[in-house]
Amino acid sequence: LAKTTQPISMDSYEGQEVNITCSHNNIATNDYITWYQQFPSQGPRFIIQGYKTKVTNEVASLFIPADRKSSTLSLPRVSLSDTAVYYCLVGEEIRDTGRRALTFGSGTRLQVQP
Amino acid sequence: DGGITQSPKYLFRKEGQNVTLSCEQNLNHDAMYWYRQDPGQGLRLIYYSQIVNDFQKGDIAEGYSVSREKKESFPLTVTSAQKNPTAFYLCASSMSSIANYGYTFGSGTRLTVV
Chain A
1 LAKTTQPISM DSYEGQEVNI TCSHNNIATN DYITWYQQFP SQGPRFIIQG
51 YKTKVTNEVA SLFIPADRKS STLSLPRVSL SDTAVYYCLV GEEIRDTGRR
101 ALTFGSGTRL QVQP
Chain B
1 DGGITQSPKY LFRKEGQNVT LSCEQNLNHD AMYWYRQDPG QGLRLIYYSQ
51 IVNDFQKGDI AEGYSVSREK KESFPLTVTS AQKNPTAFYL CASSMSSIAN
101 YGYTFGSGTR LTVV
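As you go down the protein sequences, you meet chains A and B in turn. As numbered in this note's numbering, the first sequence has no gaps in its residue numbers, which increase by one up to the final residue, 114. As numbered in this note's numbering, the second sequence has no gaps in its residue numbers, which increase by one up to the final residue, 114.
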């Protein structure tokens with residue numbers, strides 16, 4: 001059972017706002033929601049993290065409803081350089097250890113067109 | 001600047017050989033991780049270490065081994081028992097193994113079996 005579900009791909013144009021929604025129905029009480037960005041042949045880069053309501057930083061906003069079963073990453077006025085894969089993550093227990101680590105799904109492949 | 005250094009960037013292995021991928025961090029992070037990424041896929045957890053001299057198997061540990069003799073270093077050995085080792089390998093670290101702390105990733109090592 002996947003921990004998170006997000007669209008496989010999205011297309012946008014330069015200057016538009018992009019919203020990527022992720023569902024995490026089984027999120028644990030103590031889990032934060034974290035988003036990463038990955039360019040080809042590079043390691044993922046931390047974008048934003050939140051627990052509830054809204055978080056904003058210099059690159060993105062994260063909207064989390066009260067039930068925390070989903071979250072939306074908002075990228076304002078995207079450019080060509082925002083073309084990347086975006087991962088939504090919550091903590092997941094490592095099998096038989098009781099410890100938790102981040103598990104990456106396949107992510108959302110965002111393609112920004114000129 | 002603090003960060004994670006992975007080496008080499010590209011590595012070629014012959015059938016039946018063991019190879020070791022290096023990962024060093026100067027962030028003073030306690031936890032370190034190894035992930036494997038196949039083309040078009042997300043990251044899968046191989047091993048992780050919470051503290052020095054401790055490590056735990058992730059979801060796909062078979063055919064891999066690790067050590068954590070120093071806080072700064074977490075090398076990964078891909079053994080001959082790993083039947084399909086060609087992949088992109090990413091090392092990460094975090095302040096704590098509690099999943100809510102953000103991960104910092106290295107730039108990756110691309111391993112190819114020849």
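Keep in mind that the hints were calculated from the coordinates and are not lab data. Among the hints, a few may not be true.
Claimed, not checked - Computed far set for chain A versus chain B, every beta-carbon distance over 10 Å:
{"#": "1", "residue": "Pro7"}
{"#": "2", "residue": "Ser12"}
{"#": "3", "residue": "Glu14"}
{"#": "4", "residue": "Asn26"}
{"#": "5", "residue": "Thr56"}
{"#": "6", "residue": "Asn57"}
{"#": "7", "residue": "Ile64"}
{"#": "8", "residue": "Lys69"}
{"#": "9", "residue": "Ser74"}
{"#": "10", "residue": "Gly105"}
{"#": "11", "residue": "Ser106"}
{"#": "12", "residue": "Gln113"}
Claimed, not checked - Only part of the chain B face toward chain A is listed, based on derived beta-carbon distances under 8 Å:
{"#": "13", "residue": "Gly42"}
{"#": "14", "residue": "Leu43"}
{"#": "15", "residue": "Phe88"}
Beta carbons: idealized from backbone N, C-alpha and C, even for Gly.
Against the structure, the hints:
For Pro7 (chain A), the non-interface assignment is confirmed: its Cβ lies about 14 Å from the closest Cβ of chain B, beyond the 10 Å cut-off. No beta-carbon of chain B is positioned within 10 Å of the beta-carbon of Ser12 (chain A); the least distance is around 20 Å. Chain B leaves Glu14 (chain A) outside its interface by the beta-carbon criterion, the shortest separation being 25 Å against a cut-off of 10 Å. The beta carbon of Asn26 (chain A) is kept farther than 10 Å from every beta carbon of chain B, the shortest such distance being approximately 14 Å.
The beta carbon of Thr56 (chain A) sits about 16 Å from the closest Cβ of chain B, which is more than 10 Å, so the claim that it is off the interface holds. No Cβ of chain B comes within 10 Å of the Cβ of Asn57 (chain A); the nearest lies about 12 Å off, and the non-interface call holds. With a closest Cβ-Cβ approach of about 14 Å to chain B, Ile64 (chain A) is found to remain outside the 10 Å limit, as its non-interface label requires. No beta-carbon of chain B comes within 10 Å of the beta-carbon of Lys69 (chain A); the shortest separation is about 18 Å.
For Ser74 (chain A), the condition that its CB be more than 10 Å from all CB atoms of chain B holds, with the nearest at approximately 19 Å. Distance check for Gly105 (chain A) against chain B: the nearest CB is about 5 Å away, which does not clear 10 Å, and the non-interface claim fails. A beta-carbon of chain B comes within 10 Å of the beta-carbon of Ser106 (chain A); the shortest separation is about 5 Å. Here Gln113 (chain A) stays apart from chain B, with its beta-carbon at least about 20 Å from theirs, past the 10 Å limit.
For Gly42 (chain B), the interface hint holds, since its Cβ comes within 8 Å of a Cβ in chain A; the closest pair sits about 4 Å apart. Interface restraint check: Leu43 (chain B) against chain A, minimum CB-CB distance 4 Å, threshold 8 Å, status holds. Given hint, Phe88 (chain B) at the interface with chain A, holds; its Cβ is 7 Å from that chain's nearest Cβ, closer than 8 Å.
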